[in-house]
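Protein chains: 2
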Amino acid sequence: MSSVRTPVVALAGGIGAARFLRGLVRVVDPTQITAVVNTGDDRNFYGVHVSPDIDIVLYSLAGCADREKGFGLEGDTFRLIEALGALGHETWFRLGDRDFATCQHRTLRLAEGAGLAAVTDEIRRAFGVATKLLPMSEDPCPSIIVLGAGTRVHFEEYLVRDGAPSDVEAVDLSAATRAAPGPGVVDALRSAGTILVCPSNPVVSIGPILAVPGVREAIAASGAPVVAVSPIVGGAPVKGPADALLRGVGAEVSARGVARLYADLVSGYVLDQRDHAELADVESLGIRAVSVDTLMRDVGVAAELARTVLSLADTLR
Amino acid sequence: MSSVRTPVVALAGGIGAARFLRGLVRVVDPTQITAVVNTGDDRNFYGVHVSPDIDIVLYSLAGCADREKGFGLEGDTFRLIEALGALGHETWFRLGDRDFATCQHRTLRLAEGAGLAAVTDEIRRAFGVATKLLPMSEDPCPSIIVLGAGTRVHFEEYLVRDGAPSDVEAVDLSAATRAAPGPGVVDALRSAGTILVCPSNPVVSIGPILAVPGVREAIAASGAPVVAVSPIVGGAPVKGPADALLRGVGAEVSARGVARLYADLVSGYVLDQRDHAELADVESLGIRAVSVDTLMRDVGVAAELARTVLSLADTLR
Numbered sequence: 001m002s003s004v005r006t007p008v009v010a011l012a013g014g015i016g017a018a019r020f021l022r023g024l025v026r027v028v029d030p031t032q033i034t035a036v037v038n039t040g041d042d043r044n045f046y047g048v049h050v051s052p053d054i055d056i057v058l059y060s061l062a063g064c065a066d067r068e069k070g071f072g073l074e075g076d077t078f079r080l081i082e083a084l085g086a087l088g089h090e091t092w093f094r095l096g097d098r099d100f101a102t103c104q105h106r107t108l109r110l111a112e113g114a115g116l117a118a119v120t121d122e123i124r125r126a127f128g129v130a131t132k133l134l135p136m137s138e139d140p141c142p143s144i145i146v147l148g149a150g151t152r153v154h155f156e157e158y159l160v161r162d163g164a165p166s167d168v169e170a171v172d173l174s175a176a177t178r179a180a181p182g183p184g185v186v187d188a189l190r191s192a193g194t195i196l197v198c199p200s201n202p203v204v205s206i207g208p209i210l211a212v213p214g215v216r217e218a219i220a221a222s223g224a225p226v227v228a229v230s231p232i233v234g235g236a237p238v239k240g241p242a243d244a245l246l247r248g249v250g251a252e253v254s255a256r257g258v259a260r261l262y263a264d265l266v267s268g269y270v271l272d273q274r275d276h277a278e279l280a281d282v283e284s285l286g287i288r289a290v291s292v293d294t295l296m297r298d299v300g301v302a303a304e305l306a307r308t309v310l311s312l313a314d315t316l317r
Numbered sequence: 001m002s003s004v005r006t007p008v009v010a011l012a013g014g015i016g017a018a019r020f021l022r023g024l025v026r027v028v029d030p031t032q033i034t035a036v037v038n039t040g041d042d043r044n045f046y047g048v049h050v051s052p053d054i055d056i057v058l059y060s061l062a063g064c065a066d067r068e069k070g071f072g073l074e075g076d077t078f079r080l081i082e083a084l085g086a087l088g089h090e091t092w093f094r095l096g097d098r099d100f101a102t103c104q105h106r107t108l109r110l111a112e113g114a115g116l117a118a119v120t121d122e123i124r125r126a127f128g129v130a131t132k133l134l135p136m137s138e139d140p141c142p143s144i145i146v147l148g149a150g151t152r153v154h155f156e157e158y159l160v161r162d163g164a165p166s167d168v169e170a171v172d173l174s175a176a177t178r179a180a181p182g183p184g185v186v187d188a189l190r191s192a193g194t195i196l197v198c199p200s201n202p203v204v205s206i207g208p209i210l211a212v213p214g215v216r217e218a219i220a221a222s223g224a225p226v227v228a229v230s231p232i233v234g235g236a237p238v239k240g241p242a243d244a245l246l247r248g249v250g251a252e253v254s255a256r257g258v259a260r261l262y263a264d265l266v267s268g269y270v271l272d273q274r275d276h277a278e279l280a281d282v283e284s285l286g287i288r289a290v291s292v293d294t295l296m297r298d299v300g301v302a303a304e305l306a307r308t309v310l311s312l313a314d315t316l317r
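Line by line, the protein sequences are chains A and B. The letter at position 47 of the first sequence is residue 47 when you use the numbering used here, and the numbering goes up by one with no holes. The letter at position 293 of the second sequence is residue 293 when you use the numbering used here, and the numbering goes up by one with no holes.
One or more of the hints may lead you astray.
Sample of chain B residues at the chain A side, in silico, Cβ under 10 angstroms [what the hints assert, rightly or not]: (1) L80; (2) A83; (3) A86; (4) L87; (5) E90; (6) D97; (7) D99; (8) A101; (9) D121; (10) I123; (11) A126.
Which chain A residues stay away from chain B? Per the calculated CB distances, all over 10 angstroms, these [as the list claims (entries may be wrong)]: (12) H89; (13) D172; (14) E217.
Keep in mind the hints are simulated off the structure, nothing from the lab. Ideal Cβ placement from N, Cα and C applies to all residues, glycine included.
All chains should be modelled from the sequences, with the hints used to inform the complete structure.
Shown next, in the form of structure tokens:
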């Protein structure tokens, strides 16, 4: 991959991004990669600051993520929150004992006045991760899901507590639109050699990052090729509620539908081979598209996908 | 025990008190007992408010204390603090995962504005404990140990981190002397039918309670007999650093030495049969004394000891 233009900056959400980045670090020097990570899912649970997307990306890159659950640490136990449950707390957000330690450390450091970016950097060093992770913002940016009855719920309540009901009417990212980009985000994007959009939920993972003022401008100013990976495989999201959320914002649940959302952002798009029939529609948007196997069953597939993405980027200069 | 004058109020420290109270609740209706508990050991660890004496008394009365360790919950795990250690935290204070939950709940409730007494009451109800536990004070009352070189350390640092060195020069309870008694403490003492001093460390467990303004006055105003149990067995403390601390305040490390510290407080004193030779010296202080087996190997011995204490109290009206 000698033709990869570094640094590579990836816009990242949760588990889909985590899996893709595990492949990417196999084909590009990890120190030349920066992930700008969604913090729209961040919330206080049990008194600690939880950053779900930062943590799953971190744990995955450290090789200690719980791959079955798609969140948390492999082999973690849940004694603390079970004990909190006995003391009357709601425990629908399953934060493991070691995962709690990460979040408690973050909370303590934030209370000491450290910024989320600095704390994230400390934690990723402690986990031995070479790839930089930048929170999209240090300001609170809760992504709010608006449901049928006008009920407004935090994304984690929607996803975890309520089981991702399908009656999504709108997604409110207004907090992100008023937030400042996190330290290093604009600089990283402006000086990027290649910009990737991970196969994450376009509405609630990539959407909040792009909603932060200055992010789109920095991407444009970089002059770098921007390539997205479709989070849709065979017409449906691999994991999570992207279908309800895409419908909620009036988008088609398809590789093509996601490409339309990204039309003003990306010049390249990798979709799954199962959605190959949509390739021409994507290209009609002025986006160069490639279809391959994007279902990252293991890190080998993820690395092969990363190679495809970078090769496509190389053709877009 | 029909002659027990209730309510019974017990001044309590840590493990010695916890063992004694487990016996006491077998011979007196637990709802007729109130323990006024030392909070001089309280400290923030890992961002949570730890109340070591309240918790060991609570866990013991709930039947779920770790009896081997003398602190924490039986079968607890230590994954959270081990993970905090990997993130750079000192972890000499071994707070288990479920124990952490108790402390985190306390911390969250305190942050919401609840008082330590109310929170303690919530927790003891959640643990199904019928005996009321009253923090001696809701104000911070750190017991400070002054060591040879003039070093001043919090009691938990002295005991746990430093392994209880013997060069104690003084014990600074000045924080307790400036604290307000906790809600209910003065009322409970004033209306007590019987007041007991548990076999706890006289210097750093009972000492801070007595140092809180109003506590001695309330005991005197009650007109109730006051009986202490010696924490010394065979000339040495059963557990903990009472010897260094007694020497540090110029007291003799003996049943007799502890009785002298309590001379202006108690009218009755139960010492261990192994220290029987000191009984006459104790009585010469104007204290009625009895010697029995005070080594609480099991709850049966503790219950028998409680019966002896209450019988002695009954003779002192």
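Do the hints match the structure? See the list:
Interface restraint check: B:L80 against chain A, minimum CB-CB distance 5 angstroms, threshold 10 angstroms, status holds. For B:A83, the suggested interface contact is upheld, since its CB lies about 3 angstroms from the closest CB of chain A, less than 10 angstroms. With its C-beta approaching chain A no nearer than about 6 angstroms, B:A86 sits inside the 10 angstroms limit, and its interface hint holds. Residue-level restraint check for B:L87 holds (minimum Cβ-Cβ distance to chain A is 5 angstroms; threshold 10 angstroms).
Hint status for B:E90 relative to chain A: violated, with the closest Cβ pair at about 13 angstroms, above 10 angstroms. Checking B:D97 against chain A by beta carbon gives a least distance of about 4 angstroms; that is within 10 angstroms, so the hint holds. A cut of 10 angstroms between beta carbons decides the hint on B:D99: the least distance to chain A is about 8 angstroms, and the hint holds. Annotation: interface hint on B:A101 holds; nearest CB of chain A at approximately 3 angstroms, less than 10 angstroms.
A cut of 10 angstroms between beta carbons decides the hint on B:D121: the least distance to chain A is about 13 angstroms, and the hint is violated. Look at B:I123: its Cβ gets to within about 7 angstroms of chain A, closer than 10 angstroms, so that hint holds up. Proximity of B:A126 to chain A holds as hinted, the smallest CB-CB distance being about 5 angstroms (cut-off 10 angstroms). Not every C-beta of chain B lies more than 10 angstroms from that of A:H89, the closest at about 7 angstroms, which undercuts listing it as non-interface.
The claim that A:D172 is not at the interface with chain B holds, since no C-beta of that chain comes within 10 angstroms of its own (minimum 27 angstroms). With a cut of 10 angstroms on Cβ distances, A:E217 stays outside the contact zone with chain B, its closest approach being about 35 angstroms.
This entry does not satisfy hints 5, 9 and 12, going by the numbered hints stated previously.
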